[in-house]
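J.: Sequence:
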Amino acid sequence: MTTNKVEVALGPVQETLLIPLLGRAEETRKKRGLVHDPKAVEIVDSLDYDFGRWKGIRSLVGASIRTRLFDDEVRAFLDKHPEGTIIEIGAGLNTRYERLDNGRARWLELDLPDSMALRRRFFADTERRTMIDASALETDWYDRVEALPGPYCFVSEAVIIYIDNDAVEAMLRQLAARFPGAVLVTDTTCSKMVDDQAKHDAMSKMPKDAWFRWRCDDPGGLEHLDLHLERSRSFADAPAEVVAAMPLLYRLIFTAAPWIMRRQADGYRINRFRLGS
Numbered sequence: 000m001t002t003n004k005v006e007v008a009l010g011p012v013q014e015t016l017l018i019p020l021l022g023r024a025e026e027t028r029k030k031r032g033l034v035h036d037p038k039a040v041e042i043v044d045s046l047d048y049d050f051g052r053w054k055g056i057r058s059l060v061g062a063s064i065r066t067r068l069f070d071d072e073v074r075a076f077l078d079k080h081p082e083g084t085i086i087e088i089g090a091g092l093n094t095r096y097e098r099l100d101n102g103r104a105r106w107l108e109l110d111l112p113d114s115m116a117l118r119r120r121f122f123a124d125t126e127r128r129t130m131i132d133a134s135a136l137e138t139d140w141y142d143r144v145e146a147l148p149g150p151y152c153f154v155s156e157a158v159i160i161y162i163d164n165d166a167v168e169a170m171l172r173q174l175a176a177r178f179p180g181a182v183l184v185t186d187t188t189c190s191k192m193v194d195d196q197a198k199h200d201a202m203s204k205m206p207k208d209a210w211f212r213w214r215c216d217d218p219g220g221l222e223h224l225d226l227h228l229e230r231s232r233s234f235a236d237a238p239a240e241v242v243a244a245m246p247l248l249y250r251l252i253f254t255a256a257p258w259i260m261r262r263q264a265d266g267y268r269i270n271r272f273r274l275g276s
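With the first letter of the sequence shown counted as 1, position 243 gets the number 242 in numbering that gives the first Met the number 0; the numbers rise by one all the way through.
Accuracy of the hints is not assured; some may be wrong.
[As the list claims (entries may be wrong)] Simulated pairs of lysine to aspartate or glutamate, EDC-like, Cα-Cα distance not exceeding 20 angstroms:
{"#": "1", "residue 1": "Lys204", "residue 2": "Glu222"}
{"#": "2", "residue 1": "Lys4", "residue 2": "Glu14"}
{"#": "3", "residue 1": "Lys38", "residue 2": "Glu14"}
{"#": "4", "residue 1": "Lys204", "residue 2": "Glu14"}
[Unchecked claim] Label-pair ranges, simulated between beta-carbon atoms:
{"#": "5", "residue 1": "Pro148", "residue 2": "Lys4", "range": "35 to 41 angstroms"}
{"#": "6", "residue 1": "Asp165", "residue 2": "Glu126", "range": "34 to 40 angstroms"}
{"#": "7", "residue 1": "Pro148", "residue 2": "Asp200", "range": "21 to 27 angstroms"}
{"#": "8", "residue 1": "Leu136", "residue 2": "Gly219", "range": "20 to 26 angstroms"}
{"#": "9", "residue 1": "Ile259", "residue 2": "Glu6", "range": "41 to 47 angstroms"}
{"#": "10", "residue 1": "Glu6", "residue 2": "Asp132", "range": "15 to 21 angstroms"}
{"#": "11", "residue 1": "Asp165", "residue 2": "Asp265", "range": "23 to 29 angstroms"}
{"#": "12", "residue 1": "Ser134", "residue 2": "Leu251", "range": "38 to 44 angstroms"}
{"#": "13", "residue 1": "Ala197", "residue 2": "Ser231", "range": "24 to 30 angstroms"}
{"#": "14", "residue 1": "Ile259", "residue 2": "Asp165", "range": "32 to 38 angstroms"}
{"#": "15", "residue 1": "Ser134", "residue 2": "Lys54", "range": "29 to 35 angstroms"}
{"#": "16", "residue 1": "Glu97", "residue 2": "Asp165", "range": "31 to 37 angstroms"}
What the hints contain is simulated information worked out from the structure, not anything from laboratory work.
Just so you know, even glycine gets a beta-carbon here, dropped at the ideal spot from N, CA and C.
Generate coordinates for the entire structure from the input sequences, incorporating the hints supplied.
T.: If you want it as C-alpha cells, here you go:
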C-alpha cells in the first residue's frame with residue numbers, strides 16, 4: 000500500500016522537535032487553545048510518525064506555554080524594530096514566522112541537515128525568509144546574519160539546553176563577541192531539572208543522549224559570558240491571557256495555589272539577554 004505521508008528520519012535530539020509541534024497542533028484543535036497554529040496541524044497530519052507515546056503528556060501543554068512566552072519576546076522585539084532580523088537557532092518545525100511575521104522583518108532559520116531536510120518539506124525560502132543547514136555551535140553562519148539588516152534577535156527555543164555546558168558557554172561567548180547589542184531569547188534548565196529527567200513525562204521516553212544537558216541555576220549569573228539579563232520568566236509568570244487559555248487544572252493551581260506553580264516551575268526559565276559589553 001502506498002502512502003503520501005512524509006518520512007521522519009531524525010537523530011535523537013532532533014526528534015524532540017516533534018513534541019512542541021504536536022503540542023501546538025493539539026492546542027489548535029481545541030476551541031480555545033494556547034496556540035492557534037494551523038500549519039502545525041497540517042504537518043502532524045502529514046508525517047509518517049507514531050505520536051502515540053506523546054499523547055496526553057503534560058509537556059505538550061508546557062511546550063505551548065513556552066512558545067507563548069517566546070512569542071511575547073519576539074513580538075516585543077519586532078514592535079521596537081519592525082525591520083530587524085530574527086535568527087531562529089535550531090528552527091526544527093517552528094512556525095513563528097507564520098504567527099508573528101510583520102511583512103517587513105527578515106528571518107534566518109538554521110538547523111542541522113536532517114532537521115532542515117524535513118523542514119524544507121513544509122516550508123520554502125522567500126525574499127525575507129532564508130533557511131540554512133548549520134549547527135548552533137558553528138560560526139560560519141554568522142556571516143549570513145551580518146549580511147542582513149540589524150538589529151538582531153537570536154531565538155533558541157528548546158535547543159541549547161540539549162548541549163553540554165562547556166560547548167554552550169563557548170557558543171554564547173562567540174555570539175556575544177560577534178554581535179554586541181543584539182538580543183538573545185533562550186530557555187535555561189536548572190540542575191534539578193537536568194538530574195530528574197528519568198521522572199520527566201517526555202524526556203523519560205527518549206534515549207539519554209537526547210536529554211537536557213546545560214545546567215543554569217541562575218540566568219543572571221552569565222555576565223562572565225557577556226550576557227546581560229534583561230528579563231527572566233518561568234511558567235508561573237505567564238500573563239493573564241495565557242493563564243486563561245490553559246487547561247482547567249492549571250488555571251485552578253494558578254488561582255488557588257500559585258506557590259505550587261512557582262515551586263514547580265521556577266527552575267525552567269525563558270530569558271531575554273542583551274549581548275556584549
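J.: For each hint, tell me whether it holds in the structure or not.
T.: Results for each hint:
Between the alpha carbons of Lys204 and Glu222 the distance comes to roughly 35 angstroms, so the proposed pair goes past 20 angstroms and is violated. This hinted pair checks out: Lys4 and Glu14 have alpha carbons roughly 17 angstroms apart, not beyond 20 angstroms. Among the hinted pairs, Lys38 with Glu14 is consistent with the structure: their alpha-carbon atoms are about 18 angstroms apart, no more than 20 angstroms. The straight-line distance between the Cα atoms of Lys204 and Glu14 is roughly 11 angstroms, inside the 20 angstroms bound, and the hint therefore holds.
Distance hint for Pro148 and Lys4: a CB-CB separation of about 39 angstroms, consistent with the stated range 35 to 41 angstroms. Here the CB-CB span from Asp165 to Glu126 is close to 39 angstroms, well matched to the stated 34 to 40 angstroms. For Pro148 and Asp200, the Cβ-Cβ distance of about 42 angstroms falls outside the hinted range of 21 to 27 angstroms, so the restraint is violated. Restraint check, Leu136 to Gly219: a C-beta distance of roughly 24 angstroms satisfies the suggested window 20 to 26 angstroms.
Distance hint check: the CB atoms of Ile259 and Glu6 are about 42 angstroms apart, consistent with the given range 41 to 47 angstroms. At roughly 18 angstroms, the beta-carbon separation of Glu6 and Asp132 lies within the given 15 to 21 angstroms, and the hint holds. Distance hint check: the CB atoms of Asp165 and Asp265 are about 25 angstroms apart, consistent with the given range 23 to 29 angstroms. At roughly 42 angstroms, the beta carbons of Ser134 and Leu251 sit within the given window of 38 to 44 angstroms.
As the Cβ distance of Ala197 to Ser231 is approximately 27 angstroms, the hint placing it in 24 to 30 angstroms holds. In this structure the supplied range 32 to 38 angstroms holds for Ile259 paired with Asp165, their Cβ-Cβ distance being about 35 angstroms. The given range of 29 to 35 angstroms is respected by Ser134 and Lys54, whose C-beta atoms sit roughly 31 angstroms from each other. The given range of 31 to 37 angstroms is respected by Glu97 and Asp165, whose C-beta atoms sit roughly 35 angstroms from each other.
Hints 1 and 7 from the earlier list are contradicted by this structure; the remaining hints agree with it.
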